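Protein chains: 2
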Amino acid sequence: MASDEVYRASTYAPVNIAVIKYWGKRDPKLNLPTNSSLSVTLSQDDLRTHTTASCSSSTPHDSLILNGHDQDISGARTQACLHDLRQHRQQLESSDPSLPKLSTMKLKLVSENNFPTAAGLASSAAGFAALVRAIADLYALPLTPTQLSRIARQGSGSACRSLMGGYVAWEKGTAADGSDSVAYEVAPAHHWLEMRALILVASAAKKDVSSTAGMQQTVASSSLFEKRVDEVVPKRMKAMEKAVQERDFEAFARLSMKDSNNFHACCLDTDPPIFYMNDTSRCAVRLCEAINSHHETQSGKAGAICAYTFDAGPNAVVYYLADNEQAVAGLFKGILQGKEGWEGKRGGSVKEKEDRGVLEGMEVAVEGLKKGVSRIILTGVGDGPQKTEEHLC
Amino acid sequence: MASDEVYRASTYAPVNIAVIKYWGKRDPKLNLPTNSSLSVTLSQDDLRTHTTASCSSSTPHDSLILNGHDQDISGARTQACLHDLRQHRQQLESSDPSLPKLSTMKLKLVSENNFPTAAGLASSAAGFAALVRAIADLYALPLTPTQLSRIARQGSGSACRSLMGGYVAWEKGTAADGSDSVAYEVAPAHHWLEMRALILVASAAKKDVSSTAGMQQTVASSSLFEKRVDEVVPKRMKAMEKAVQERDFEAFARLSMKDSNNFHACCLDTDPPIFYMNDTSRCAVRLCEAINSHHETQSGKAGAICAYTFDAGPNAVVYYLADNEQAVAGLFKGILQGKEGWEGKRGGSVKEKEDRGVLEGMEVAVEGLKKGVSRIILTGVGDGPQKTEEHLC
Numbered sequence: 001m002a003s004d005e006v007y008r009a010s011t012y013a014p015v016n017i018a019v020i021k022y023w024g025k026r027d028p029k030l031n032l033p034t035n036s037s038l039s040v041t042l043s044q045d046d047l048r049t050h051t052t053a054s055c056s057s058s059t060p061h062d063s064l065i066l067n068g069h070d071q072d073i074s075g076a077r078t079q080a081c082l083h084d085l086r087q088h089r090q091q092l093e094s095s096d097p098s099l100p101k102l103s104t105m106k107l108k109l110v111s112e113n114n115f116p117t118a119a120g121l122a123s124s125a126a127g128f129a130a131l132v133r134a135i136a137d138l139y140a141l142p143l144t145p146t147q148l149s150r151i152a153r154q155g156s157g158s159a160c161r162s163l164m165g166g167y168v169a170w171e172k173g174t175a176a177d178g179s180d181s182v183a184y185e186v187a188p189a190h191h192w193l194e195m196r197a198l199i200l201v202a203s204a205a206k207k208d209v210s211s212t213a214g215m216q217q218t219v220a221s222s223s224l225f226e227k228r229v230d231e232v233v234p235k236r237m238k239a240m241e242k243a244v245q246e247r248d249f250e251a252f253a254r255l256s257m258k259d260s261n262n263f264h265a266c267c268l269d270t271d272p273p274i275f276y277m278n279d280t281s282r283c284a285v286r287l288c289e290a291i292n293s294h295h296e297t298q299s300g301k302a303g304a305i306c307a308y309t310f311d312a313g314p315n316a317v318v319y320y321l322a323d324n325e326q327a328v329a330g331l332f333k334g335i336l337q338g339k340e341g342w343e344g345k346r347g348g349s350v351k352e353k354e355d356r357g358v359l360e361g362m363e364v365a366v367e368g369l370k371k372g373v374s375r376i377i378l379t380g381v382g383d384g385p386q387k388t389e390e391h392l393c
Numbered sequence: 001m002a003s004d005e006v007y008r009a010s011t012y013a014p015v016n017i018a019v020i021k022y023w024g025k026r027d028p029k030l031n032l033p034t035n036s037s038l039s040v041t042l043s044q045d046d047l048r049t050h051t052t053a054s055c056s057s058s059t060p061h062d063s064l065i066l067n068g069h070d071q072d073i074s075g076a077r078t079q080a081c082l083h084d085l086r087q088h089r090q091q092l093e094s095s096d097p098s099l100p101k102l103s104t105m106k107l108k109l110v111s112e113n114n115f116p117t118a119a120g121l122a123s124s125a126a127g128f129a130a131l132v133r134a135i136a137d138l139y140a141l142p143l144t145p146t147q148l149s150r151i152a153r154q155g156s157g158s159a160c161r162s163l164m165g166g167y168v169a170w171e172k173g174t175a176a177d178g179s180d181s182v183a184y185e186v187a188p189a190h191h192w193l194e195m196r197a198l199i200l201v202a203s204a205a206k207k208d209v210s211s212t213a214g215m216q217q218t219v220a221s222s223s224l225f226e227k228r229v230d231e232v233v234p235k236r237m238k239a240m241e242k243a244v245q246e247r248d249f250e251a252f253a254r255l256s257m258k259d260s261n262n263f264h265a266c267c268l269d270t271d272p273p274i275f276y277m278n279d280t281s282r283c284a285v286r287l288c289e290a291i292n293s294h295h296e297t298q299s300g301k302a303g304a305i306c307a308y309t310f311d312a313g314p315n316a317v318v319y320y321l322a323d324n325e326q327a328v329a330g331l332f333k334g335i336l337q338g339k340e341g342w343e344g345k346r347g348g349s350v351k352e353k354e355d356r357g358v359l360e361g362m363e364v365a366v367e368g369l370k371k372g373v374s375r376i377i378l379t380g381v382g383d384g385p386q387k388t389e390e391h392l393c
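Keeping their order, the protein sequence lines are chains A and B. Going by UniProt numbering, the letters in the first sequence line up with residues 1 to 393, in that order. Going by UniProt numbering, the letters in the second sequence line up with residues 1 to 393, in that order.
To be clear, the hints were calculated from the coordinates, so they are not data collected in a lab. Treat the hints loosely; a few may be bogus.
It does not matter which identical chain is meant; a pair holds if it fits inside one copy or across any two.
With a Cα cut of at most 30 Å, we get these calculated DSBU-like pairs of lysine-lysine [claimed, not checked]:
#, residue 1, residue 2
1, K301, K242
2, K345, K101
3, K339, K387
4, K339, K370
5, K371, K339
6, K345, K29
7, K238, K101
These numbers come from a predicted model, not from an experiment.
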């Protein structure tokens, strides 16, 4: 084995969008959250980060190239991940001296997203999940996704939920060292494979406040936040796990919408106030409400068929089941058919639906969406990180 | 005395804008609030309702004409006010038989606002305060403003605060019959006469949800609202009374902004969510923050010089002290000089100020205001209702 042999491992990792939101750290250094959260892992056919981790004795220094641009990896968060992964590798090497000493080599990391960075989608979750997974594979670490989630969490809180597919909870934990603040699979993707997501990407406007800074301002100044953390979220976590287990879309939808609004309410109650939703976001909320109430009128019974949720930005993510694709995505396509994003395989199968019954009295919301949405992304629930032999370096 | 003698009384009544917000009724029929509130009465030179109450034995039926249009007065709220006022008059007539029997005559009420209805300013407060004050004068009722506030409250909750000038609190009370849910003067206008208000009227868009319906949806569905009612507002009421008594603008400003945001956070946490603030509102928030932080940098010490507050609509009301007129109103005039509202006596004395230091990096907010504000109103703290001999009928 030549001393300059290059070791490599590559992975794809998914984006996840929470339906019970993570907002607030009880320990900013360890990225320990004030409350548990729950998310849907989205399909990597549509949204994913592809990362190759490589090392050799001649690699000059640790580096990360994302979408062709050199990134600064000197930050404490990235360093914490690299340190933990190397430590695990070192243990392996100590117990089996025949193993190459990868833990002493510098790492070259190359990463690419298959979605536009400008879309304002939280790519850090997929990014850190891919980084941790790729290095763990390179080091052949015998760790479960939950064990890896503890490491990824230090890079970006929500990254811990991207190490698994399907429906994933991040338990806030109580240990001071964060050892019990990990993600676990509530249900795999195939348990409820019918779940779809339509992302309405709002026209690029600078983000109000970074979520890292914003959430700590909320912790420090919102008079309502304590109530969210102590009472609202614990109850909703249980109810949401049950909704997923029972494939109860009505409960899933109501809880998703309420929790998104509750999170943004706490942002607004922050001093100074944080606004992530804008007029376009509100139009999306109104359209979803109209779709749901039209469906209820038509079917004669209560039951939401779509659910909006908003992360720390104005983009709407609209969840719905495959059976209701025409009633939900079809209606949005009728309004937004000129926009980028409908041209793929998923988008092509959606028929534009112009439903007068739904859109009656919704002129302001319709115009607002036409004006404020720059592109759409159609996707659905998907699996966790996937190993690949396609290497980026 | 001829039997067809016409009895008349006329009054002007002011608008008030709360700095600790009223939102939620514990008894919708009696208009009893879930929390106390505090407002600034605005000058009647700029915003007022003028009402004449008249009656004669030949008046055919109770009627109210507002701005030339016949109004429906059969609603329970108006009827409750008329009933109580007539009962008080009847008591007088019973104890002094020489008094004309006005309580048995029908009432003709004619009302006019000196401000555009389209401005979306809560005119019901001034309207009901004027109605109650004019009839009380017509009936020569020996009632104090606080006693009248109990009657006006039944017409429109916030109307009870328009029966007094200056800084007015509405004590929520605890009695089931509402007898202790009344307004009182925290300080008269002359105590802190330097208070000014700049109202940024947002381009007409239909109001999201009426405040009457909206507040009860919040009571019923918001998981954060209880915290506001039980903890947040009681503390702030005390602090705000103190701020007014001590003429402490910094405290007044911080509490106003926080309470406005807290109220809108509870609206957003309502199911379905209620949005009153829009993108224009948010631009006003950012401008106020920029003015305050620029002032703090310049002066080298903490201290807000302006405070935004938003009622159930997108209009911003910006409070500031006369000494800071150029730094606050002048800056807004520099941005909004083409808009209606600067042409009066108050507006004429404001010099446009283009302060690069404040506006650096604020391009989005400046453009948003230019686009979204349709007119401005300049005013200040003012007195309570004023009797007048100018009759409208």
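Hints and how they fare:
| no. | hint | in the structure |
| --- | --- | --- |
| 1 | K301 - K242 | within (22 Å within a copy, 53 Å between copies) |
| 2 | K345 - K101 | neither (45 Å within a copy, 82 Å between copies) |
| 3 | K339 - K387 | neither (33 Å within a copy, 61 Å between copies) |
| 4 | K339 - K370 | both (9 Å within a copy, 28 Å between copies) |
| 5 | K371 - K339 | both (11 Å within a copy, 25 Å between copies) |
| 6 | K345 - K29 | neither (42 Å within a copy, 57 Å between copies) |
| 7 | K238 - K101 | neither (45 Å within a copy, 67 Å between copies) |
Checked against the numbered hints listed earlier, the structure breaks hints 2, 3, 6, 7; every other hint is satisfied.
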